[in-house]
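**Q** Let the hints inform the model, and build the full structure from the sequences given.
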Amino acid sequence: MKLFYRILQSCFVILIILLITENLQSQVNPRTQNSKDFAVMVHASITENPPAITLHWVPSIDAQQYVVSRKLKDQAQWLDLATLDSNTSEYTDNTVQIGQAYEYQVRGICQMYVKISDTQNGYMPYQSFGYVYAGIKANPPQFGTVLLIVEENLASDIGDKIIRLEQDLANEGWKTVRRYAPRTEQFDGAAVKAVKNIITQEYNKDPNNLTTVLLLGRIAVPYSGDFSQATTYPPDGHVPDHNGAWPSDLYYGLLNENFWTDISVNNTGGSRAENKNIPGDGKFDQTSYSYDNVNLRVGRIDLYNLPAFFDSKTNKGTELDLISRYLDKNHNYRTGQVPYVNKGLIFDGFSTMQEAFASSGWRNFGAFFTADSVKTADWIRVPDTTVTNLWSYACAGGWYEGCGGGTTANYASNNIKTIFTLMFGSYFGDWDHSDAFLRAPLASKQSALTCGWSGRPHWYLHHMGLGEPIGYSLLVTQNNSNTYIPNLYYNTQYGGWFIYAVGMRNIHIALMGDPTLRMNYELIPPVTNVTLNQTEKRKLEISWDAPANQTGLSYYVYRANEVLAGENIISKYTQLNKEPLTATTFVDSTINNGKLYYKVVPAKLKATIGSGSYYCPGAATEKTFTVTSVDEIPELSFDISVTPNPAESHSIIDLTLRRTSIVSLTICDLMGNTIRNIRNEYLSAGNHKFNWDLTDDSGNKVMSGIYFVKVATENNYKLEKIVVTK
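Each residue of the sequence shown is one higher than the last, beginning at 179 in the working numbering.
It is worth saying that the hints were derived from the structure and are not from the lab. It is possible that some hints are incorrect.
Quick list of the computed label-pair ranges, beta carbon to beta carbon [said to hold, decoys possible]:
| no. | residue 1 | residue 2 | range |
| --- | --- | --- | --- |
| 1 | Asp263 | Asn207 | 14 to 24 Å |
| 2 | Pro228 | Gly575 | 47 to 57 Å |
| 3 | Ser264 | Ala863 | 43 to 53 Å |
The calculated lysine-lysine pairs, modelled on DSBU-like cross-linking and capped at a C-alpha distance of 30 Å, are [to be verified]:
| no. | residue 1 | residue 2 |
| --- | --- | --- |
| 4 | Lys756 | Lys782 |
| 5 | Lys784 | Lys801 |
| 6 | Lys784 | Lys553 |
| 7 | Lys623 | Lys494 |
| 8 | Lys251 | Lys715 |
| 9 | Lys353 | Lys374 |
| 10 | Lys251 | Lys784 |
| 11 | Lys801 | Lys353 |
| 12 | Lys251 | Lys888 |
| 13 | Lys353 | Lys756 |
| 14 | Lys383 | Lys801 |
| 15 | Lys750 | Lys374 |
| 16 | Lys773 | Lys801 |
It should be emphasised that the depicted structure is a prediction, and the values quoted were computed from it without experimental measurement. Just so you know, even glycine gets a beta-carbon here, dropped at the ideal spot from N, CA and C.
**A** Laid out in structure tokens, this is it:
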């Protein structure tokens, strides 16, 4: 496996040369690095009174210091909280609020004593990273709408199981839209475009709430890319036989159709016909997407062309059998019928490689379960059949049907008991192949439901600790440049510290399996008899009946406004109650004219192992109300100032609300385009301050020029000009 690109080869050669060297006799125990060295296995615990989140990790023998940083989920930049000495193994953050979730980064600044040559040892500087998402009674995650695109043949074959899946999703708070697409076994550019057209149609109907696309069956596979040794190396480093285009479900999620072209790439070096990419063949030119973001979370349940699972003696294991079995496994897991342990398993066939591929497993699983619950195991070839582990990772030198840690045939024959999987190795990141190893876990007999090719790039899954679905983590990984970092090495020729990793923002990043799946489930039935009653001009009372035979429930009320009258396009649902409700009534005092869309969601407090606690949502009950009696031009309900102005490094937005309101705070350019979303939430009356670091939503510094701070409430908005200088 050609694991190094030219630039990385040269970087590491220079890195070794620049090590602080010393005579071999000065120390006798140099060591070889391991993937685990680059993962700070951090998890969180909480206290409520006073509110505090404490981070815990196992100190590294190489550590010189630890730096703890924090941010909110929708922020791009980290704020350093503390720099700690090498023996520190925990840090308590006392500046937290109950109900709010926080992301933490713990960065180890290290040096490892290594062997350089037969006569010299030296210290190799490096940095390790860990991430955790934690909160105290954090608000429930909002899932939005999932578009289920079903291979049209399946509707009659397993229609009952598709309906059951939709009901499971509704029970968890999802809204589901179903569409059909034709079965497409071989590459067909026109069929790919037709599927994208379905997605675009549904997105345009509800652009603020459609978050997820689930492809069920043999839906057309997009291809894109110009991978080669002359441009960007293939993600697995194999040239020329893996040059050209790779499968790219990411095309379905990156909605800007102007981004995608099929006019310039002429790359026929790949050994598979599907990899060959020429102008006008329906395969796209793009290899990466530096300036665009993926919009939708796309997952695929595609069990076509997996002959290893077919038993000719019983005629079982057909594609339809495998999809049917997957839907049964899916239902059983999300309804609590699959006993499992909160542990992670790791097989690392690349333990000494500088990119530390398996650190993806150590880093994520440690945040979920604590370091003591993550172990090494040969879990594909020699599975433990007595227990189901929630997460498993494997990496080794690979081929299309397997790697040094296991094969598709192992998945077909062994009782491999795990739920979520990550794997990495050569070739099988290109998953549209007979007996494709990356799709094999989904077809297995036991419990596996998802798989991602994690290592190029690394995946970041810590948000799942507080109830986000795996599709959210997919989107974070796809849109990540350097917000989340797997490692740092030191090299003066390349400006000091550099990330030793590749594959970020490349078109191959994909999820095999259902993107709506989560780690923590509570089966909570919906409220009933929701009634809406306008009591005053600006007040509307929402009341409901609690679900029968349930205890310990709280409630959340959400509202969306009609954006375009008569078009049924609504805003994103916004949480109205800042704290969980225990009563079965709520008064919305911020209503405006037009059609209002309400959701009442029951929730139950869920304690986690490594992320604190959050309210796990149940099924939503929806109701609409049309208001016509509110004054059309209300007085401005807030004051705003921006300082400093002009701004060179940052600007403070000072907002004073005269009454509690739903507030949208954004930064716009001169053309009116939103470049940065600061806040979109329910804020109490009074003064609020927000720091804008002069970056856009992708974390890039904006250019010098004129911008506008836009504040919008339910009833009015105001623009405040700000000048950015450099």
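**Q** List in ascending order the numbers of the hints, as given earlier, that are violated by the structure.
**A** 8
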